[in-house]
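Protein sequences, first through last, are from chains A and B.
1 is the number of the first residue of the first sequence in full-length UniProt numbering; add one for each residue after it.
1 is the number of the first residue of the second sequence in full-length UniProt numbering; add one for each residue after it.
Hints are computed from structural coordinates only; laboratory data are not their basis.
One should not assume that every hint holds.
In this list, chains with the same sequence are indistinguishable; a pair is considered to hold if it fits within one copy or across any two.
Unchecked claim - Pairs of lysine to any residue residues, derived as SDA-like cross-links and limited to a Cα-Cα distance of at most 20 Å, are as follows:
(1) K203 with A192
(2) K35 with S253
(3) K109 with G142
(4) K246 with H256
(5) K35 with L275
(6) K35 with M276
(7) K35 with K109
(8) K245 with E64
(9) K49 with L275
(10) K201 with K245
(11) K146 with R221
(12) K35 with H112
(13) K49 with Y126
(14) K202 with P182
(15) K246 with G191
(16) K109 with D273
(17) K245 with H234
(18) K35 with S110
(19) K109 with A30
(20) K109 with L90
(21) K35 with N111
Number of protein chains: 2
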Amino acid sequence: MNQPTAQHTVFFVSDGTGITAETFGNSILAQFSVKARHVRRPFVDNGEKARQLVREINETGQREGLRPIVFATLVNREVLNVVRQECQGLVLDMFGTFIAPLEDELNIKSNHRVGRFSDIAKSQEYHDRIEAINYSLAHDDGQSAKNLDSADVILVGVSRCGKTPTSLYLAMQHGIKAANYPLIPEDFDRGAMPSLLVPHKKKCFGLTIDPERLAQVRNERRPGSKYADLMNCHYEVREAETMMKKAGISWLSSTHKSIEEIATTILRDIRPDRLMY
Amino acid sequence: MNQPTAQHTVFFVSDGTGITAETFGNSILAQFSVKARHVRRPFVDNGEKARQLVREINETGQREGLRPIVFATLVNREVLNVVRQECQGLVLDMFGTFIAPLEDELNIKSNHRVGRFSDIAKSQEYHDRIEAINYSLAHDDGQSAKNLDSADVILVGVSRCGKTPTSLYLAMQHGIKAANYPLIPEDFDRGAMPSLLVPHKKKCFGLTIDPERLAQVRNERRPGSKYADLMNCHYEVREAETMMKKAGISWLSSTHKSIEEIATTILRDIRPDRLMY
């Protein structure tokens, strides 16, 4: 009955935020060439809400004539029981599946605690993340050269090559204090790295970008300007790459990469210690 | 042999960024009262790297006398085979486990495509996220009242109650254009919502915070100031809450909540449409 062209509805169901269910579920769905409608249902944390949700799932299935797919990260036993017994969707019980083998391996029982993200809020790690966000904001676009000593990473590159989103992501996801510093035409005229960066060369990481893509992005900002002109973009990118090569700074192109991939590469190359914690 | 007090090493292994393996693995580990050493190994995308990784895992197990736990999101078949055949850790194959039942349900084969996050980089959704980050940065701390029309959400609350990290998270994770606007003593003297916000009341969401926590946070910034004074923090929080109540704005306390939880609550309350996509 299931035809690959029909559109399934996928539910991400959790007694917490549902972020884990969604991240993981989307990774799995990316392995299939199907279009799906996504519905996230967070904070389903009692039997009443569970029954309401199950009604919604079952009605969706009947209306669409296709069994919904349900990615569930449920810890609350009452909710889990309602979903297991009454839900007519294909339930992929993400916690249940892996908790049993881990209980065997660790030789202890799991504690069925809901809401990892609320435990996080009290931790040192969380405090560090918030501090890192504040640091990265204060050191965006070279606006403060103070405290570059305490930066974990300094991103360099021409204006609009992706430094700001990447440094905020490094801060938010990994608690990395990421400053960023633009390379500007004056630096190219001088033919040398900004002198402020020289003592910190080891923690500098460069971003570059395809000049055509750069011109496009800059034109959204300042249409028709010299700043956005394609020839000028070619010039700036070439000069920046030459400068980074000369200085021996690692760099990558952001053109076809997501901030997640760029951030992971930077961690691996500049702060491999942060891959272990 | 496994004693709950011993420290296991947990590997997060992926041929992509490893973010999915880590998010999901940490959610599962949060169900156990164990301390573990975490090691993330991203971009393991060929047999050579796989064999090197498996050597590292097996040596860790021998050295520590405890079988490592391996959360794997592997799509590359060559890598998966090396890990399945040679790894002596407890391999929790997160993709393999759920892809088979989905293949049956969808009646199509999965495509074994590596790197969801690199597909993302080309999508409209990704472009919208980057736009939202730029918007949220430009509308941080009430610095621009222009374009509040195009805000999806406007966060309000006293200085340092968590507005900035929350709006950046909403932008980065959900592509939500989140402006934020501080409530300041002048607003309390006037006894009315800032007039700029009045036409946008429906998309305003308030954050509040425990006054003692606020005084602590502000003291890190400006020690001994009136701004950080506990009595003043009590006053500002009370006035802000009264104002939000009067204006009929939903709000929550950020004191014991992570930005992930706050963001999910805001989405559910202000933009439930964004839970479906």
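Structure-based check of all given hints:
1. With identical chains, the CA atoms of K203 and A192 are at most 20 Å apart within one copy only, with a shortest distance of 17 Å there and 48 Å across copies.
2. When the C-alpha separation of K35 and S253 is checked against a cutoff of 20 Å, the pair qualifies neither within a copy, at 30 Å, nor between copies, at 38 Å.
3. In this homomeric assembly, K109 and G142 never come within 20 Å of each other (Cα to Cα): the closest approach is 50 Å inside a single copy and 49 Å across copies.
4. For the homomeric pair K246 and H256, neither the shortest alpha-carbon distance inside one copy (24 Å) nor that between copies (48 Å) is at most 20 Å.
5. In this homomeric assembly, K35 and L275 come within 20 Å of each other (Cα to Cα) only across copies, at 17 Å, whereas the closest approach inside a single copy is 34 Å.
6. Taking the shortest alpha-carbon separations for K35 and M276, only the inter-copy value of 13 Å comes in at or below 20 Å, while the best intra-copy value is 36 Å.
7. For a Cα distance limit of 20 Å, the shortest separation of K35 from K109 across copies, 14 Å, qualifies, whereas the shortest one inside one copy, 39 Å, does not.
8. Taking the shortest alpha-carbon separations for K245 and E64, neither the intra-copy value of 57 Å nor the inter-copy value of 42 Å comes in at or below 20 Å.
9. Within a single copy, K49 and L275 get their C-alpha atoms only as close as 38 Å, which misses the 20 Å cut-off; across copies the closest is 17 Å, which meets it.
10. In this homomeric assembly, K201 and K245 come within 20 Å of each other (Cα to Cα) only inside a single copy, at 12 Å, whereas the closest approach across copies is 52 Å.
11. For the homomeric pair K146 and R221, the shortest alpha-carbon distance between copies (16 Å) is at most 20 Å, but the shortest distance inside one copy (28 Å) is not.
12. In this assembly of identical chains, K35 and H112 lie within 20 Å of each other by CA distance solely across copies; the values are 17 Å between and 33 Å within a copy.
13. Within a single copy, K49 and Y126 get their C-alpha atoms no closer than 30 Å, and across copies no closer than 32 Å, so neither meets the 20 Å cut-off.
14. In the homo-oligomer, the alpha carbons of K202 and P182 lie at most 20 Å apart inside one protomer (17 Å), although the nearest pairing across protomers, at 38 Å, exceeds that limit.
15. Only within a single protomer do K246 and G191 lie at most 20 Å apart by alpha-carbon distance; the minimum there is 10 Å, versus 60 Å between protomers.
16. Taking the closest pair of Cα atoms, K109 and D273 never come within 20 Å of each other, the shortest separation being 31 Å inside a single copy and 38 Å across copies.
17. For the homomeric pair K245 and H234, the shortest alpha-carbon distance inside one copy (17 Å) is at most 20 Å, but the shortest distance between copies (54 Å) is not.
18. For the homomeric pair K35 and S110, the shortest alpha-carbon distance between copies (13 Å) is at most 20 Å, but the shortest distance inside one copy (36 Å) is not.
19. Taking the shortest Cα distances, K109 and A30 sit within 20 Å of each other only across copies (12 Å), while inside one copy they are farther apart (33 Å).
20. When the C-alpha separation of K109 and L90 is checked against a cutoff of 20 Å, the pair qualifies only between copies, where the shortest distance is 17 Å, while the shortest distance within a copy is 27 Å.
21. Proximity of K35 and N111 under a CA criterion of 20 Å is satisfied inter-copy only: 14 Å between copies versus 37 Å inside one chain copy.
In this structure, the hints that do not hold are numbers 2, 3, 4, 8, 13 and 16, in rising order.
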